[in-house]
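With the sequence shown counted from 1, adding 153 to any position gets you this note's numbering.
Keep in mind the hints are simulated off the structure, nothing from the lab. Don't take each hint at face value.
[Stated by the list, open to error] What follows is a list of derived Cβ distance ranges for each label pair:
#1 P238 / W188: 29 to 37 Å
#2 F200 / L220: 20 to 28 Å
#3 G194 / L232: 37 to 45 Å
#4 Y177 / G219: 29 to 37 Å
#5 G194 / M154: 39 to 47 Å
Backbone N, C-alpha and C define an ideal beta-carbon position, used for all residues, glycine too.
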Amino acid sequence: MLIQRIIYGTLIIAIGVITLKYNYQLVNTTGRQDWIENILGGGSTYFAFKLFSIILVLGGLLYMTGLGSGVAQQILSPLGKALNPGNN
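Turn these sequences into a full structure, and let the hints steer you where they fit.
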């Protein structure tokens with residue numbers, strides 16, 4: 154199980170690094186996303202792809218080290234309290 158997490162985490166990190174490195178080529182291949190450009194302004198498709206790549210790298214690191222579930226629980230705990238106010 155530990156080897157599996159290390160392999161998947163490394164794969165996720167590698168995908169994040171590759172998409173971060175080839176951000177310009179990726180946007181040129183997929184095209185600019187008009188809905189992102191309308192919300193955030195011109196040139197923000199590049200920013201969105203870079204942000205997604207950084208989230209992938211951090212998520213891969215968290216998954217590989219086994220800290221992903223704890224961090225996700227901390228981030229999503231206010232949402233659980235808001236959706237289920239009777240069980241605080």
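So, going through the hints one by one against the coordinates:
1. P238 / W188: 29 to 37 Å: holds, 33 Å
2. F200 / L220: 20 to 28 Å: holds, 27 Å
3. G194 / L232: 37 to 45 Å: violated, 28 Å
4. Y177 / G219: 29 to 37 Å: Once the Cβ atoms are compared, 34 Å apart, the range 29 to 37 Å for G219 and Y177 holds.
5. G194 / M154: 39 to 47 Å: 45 Å Cβ-Cβ, so the 39 to 47 Å window holds.
Hint compliance for this structure: hint 3 is the single one not met.
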